[in-house]
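Trainee: Whole structure, please, built from the sequences with the hints as guidance.
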Amino acid sequence: MKSIGFLFALVALQCLPMDLLAQAPESGLMQSNGKIYVVIGVIGIILAGVLLFLWRLERKVSELERLHNEQ
Amino acid sequence: MKKHWWKLLAAGLLLYSFAAGLLIPLGSGIKGVAPSYIQQAGLTTLQLTTYNTDYRADAQAGNIKARLRLNDSTALCAKSVVAPSGNELQMQFDIPAGKLPIDAVASNNKKSPFPLLEIASTQNGYTSVQSAVAFAPMGDSIAPTSAFCAIEAYSNGDRMTFPFLNILEETIRNLYFHVPMWFGMMLLLLISVIYSIKYLRQANTVSKGGINAKTRYDILASSFASVGLLYGILGIITGALWAKNTWGAYWSWDVKQNTSAVALLIYMAYFVLRGSFEDNDQKARISSIYNIFAFSMLIPLLYIIPRVVDSLHPGMGGNPAFSSYDLDNTMRWVFYPAVIAWILMGVWISSLHARIRVVEARILAKMEA
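From first to last, the protein sequence lines are chains A and B.
If you read the first sequence in the working numbering, its first letter stands for residue 1, the second for the next number, and so on.
If you read the second sequence in the working numbering, its first letter stands for residue 1001, the second for the next number, and so on.
Think of the hints as simulated: they come from the structure by calculation, not from any bench.
Heads up, the beta-carbon is just placed ideally off N, CA and C, and yes, glycines get one too.
Please note that the accuracy of each hint is not assured.
[Claimed, not checked] Straight-line C-alpha distance at most 30 angstroms; calculated DSS-like pairs for lysine-lysine: (1) B:1283 - B:1366; (2) B:1079 - A:60; (3) B:1366 - A:60; (4) A:60 - B:1007; (5) B:1198 - B:1007; (6) B:1065 - B:1031; (7) B:1099 - B:1079; (8) B:1198 - B:1366; (9) B:1198 - B:1065; (10) B:1002 - B:1244; (11) A:60 - B:1003; (12) B:1031 - B:1099; (13) B:1079 - B:1065; (14) A:60 - B:1099; (15) B:1244 - B:1031; (16) B:1003 - B:1244; (17) B:1002 - B:1031; (18) B:1283 - A:60.
[Claimed, not checked] Computed from the model, here is a short list of chain A residues facing chain B with C-beta under 10 angstroms: (19) 31; (20) 43; (21) 57; (22) 60; (23) 67.
Mentor: Here you go:
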């Protein structure tokens, strides 16, 4: 069920007008201050990804605790 | 504590790579040169916009040297340099009439950097920009040698900086965050395939504490593959963000982008495959074999095809990924520790993942028994 929702989200993303996502070159936050915010964005993505993974890992531990208590 | 030393090392290296990667300043850089096309001989003023500089004190003390290198041994030196503001320079050149000896092809057959505009100053160090200006043809006679100046050494002083490259600018620091994801992914997937091979080679022994060694190897293989896949996904997303702000689009259908996306899809299929079996032994056996095929696909996808075909990524055209130009010494001292840190972090997370699943398998086996 989850993956179907993900597929729908992907298709919906394709339907968005690209101008919404596109950014005019040489302006905006990302291009300011020597593009340092791109680096901040990259670090943010990596930390978010690792934290998401750890969250899922924690859910596994909770499941494990539940199994152990049932035993 | 003795067997946990590498986790402390991972934390230390990670902190070091974040701190050094973000705090070491960029060297001074040249963002723009105007005019870009010189049509006439005689006195010409070039207006420069610079980055991360303050040339005012240097200009007042007469400590700025600038030249236009035409080839390895010939240059036009600036007659005067003034700094209207910290990030601006005006320099006057006396362009001789006649043909200028500009080297069109560099010695290693690469695109020539000439005319190379070079600046050295006491406080702001050395900086340069390749193909800074273009010259209109100015007659057929060779320009007089008296117009040129001798090449003296320009030094960067003892400043510790990361190189300023146009377009990249501060995003050169992404080297310490985006690239270690790929190095880490490669190593984690290598460990994963080693466990898959161990699984296939291991005899079916009697189970110990609920599960046998074979099952443990299979769990380890899939745990390392899942963190490897996580690193790959983070690598491709961070790469897209970086590409948007340098190459101009999230996805430019660059060969390395495409092949790494295919590689990730292959590994996603590994997990789809694992999810599609009811029987644990069958799941483990078939996915181990698939893992070996998947890993052997990585080599041509990530290491061979991108080097044969033209790519926006560095390292195309047969060279290893980093030439001396792409990675200078200061960057090496941050980049390699970052790679080691992220690899150790990946191994740590993978082994946690695997240990949790081993315990889970043991409890389930006990419940069945």
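Trainee: Confirm or reject each hint.
Mentor: Hints, verified against the model:
1. B:1283 - B:1366: The given pair, whose Cα atoms are some 20 angstroms apart, holds under the 30 angstroms limit.
2. B:1079 - A:60: At roughly 71 angstroms apart (the allowed maximum being 30 angstroms), residue 60 of chain A and residue 1079 of chain B break the hint.
3. B:1366 - A:60: holds (18 angstroms)
4. A:60 - B:1007: holds (22 angstroms)
5. B:1198 - B:1007: holds (25 angstroms)
6. B:1065 - B:1031: holds (18 angstroms)
7. B:1099 - B:1079: holds (20 angstroms)
8. B:1198 - B:1366: holds (25 angstroms)
9. B:1198 - B:1065: Since the Cα atoms of residue 1198 of chain B and residue 1065 of chain B sit roughly 63 angstroms apart, the hinted pair is violated (cutoff 30 angstroms).
10. B:1002 - B:1244: violated (45 angstroms)
11. A:60 - B:1003: holds (25 angstroms)
12. B:1031 - B:1099: It holds: about 28 angstroms lies between the C-alpha atoms, which stays within 30 angstroms.
13. B:1079 - B:1065: Cα-Cα ~9 angstroms, so holds.
14. A:60 - B:1099: violated (74 angstroms)
15. B:1244 - B:1031: Holds, at about 19 angstroms.
16. B:1003 - B:1244: Violated, at roughly 43 angstroms.
17. B:1002 - B:1031: violated (51 angstroms)
18. B:1283 - A:60: holds (20 angstroms)
19. 31: This hint holds: residue 31 of chain A lies near chain B, its Cβ roughly 7 angstroms from the closest one there, short of 10 angstroms.
20. 43: With a minimum Cβ separation of about 6 angstroms from chain B (threshold 10 angstroms), the hint on residue 43 of chain A holds.
21. 57: holds (6 angstroms)
22. 60: holds (5 angstroms)
23. 67: Residue 67 of chain A check passes; min Cβ-Cβ to chain B is 5 angstroms, inside 10 angstroms.
Violation of the numbered hints given earlier is confined to hints 2, 9, 10, 14, 16 and 17; the remaining hints are satisfied by the structure.
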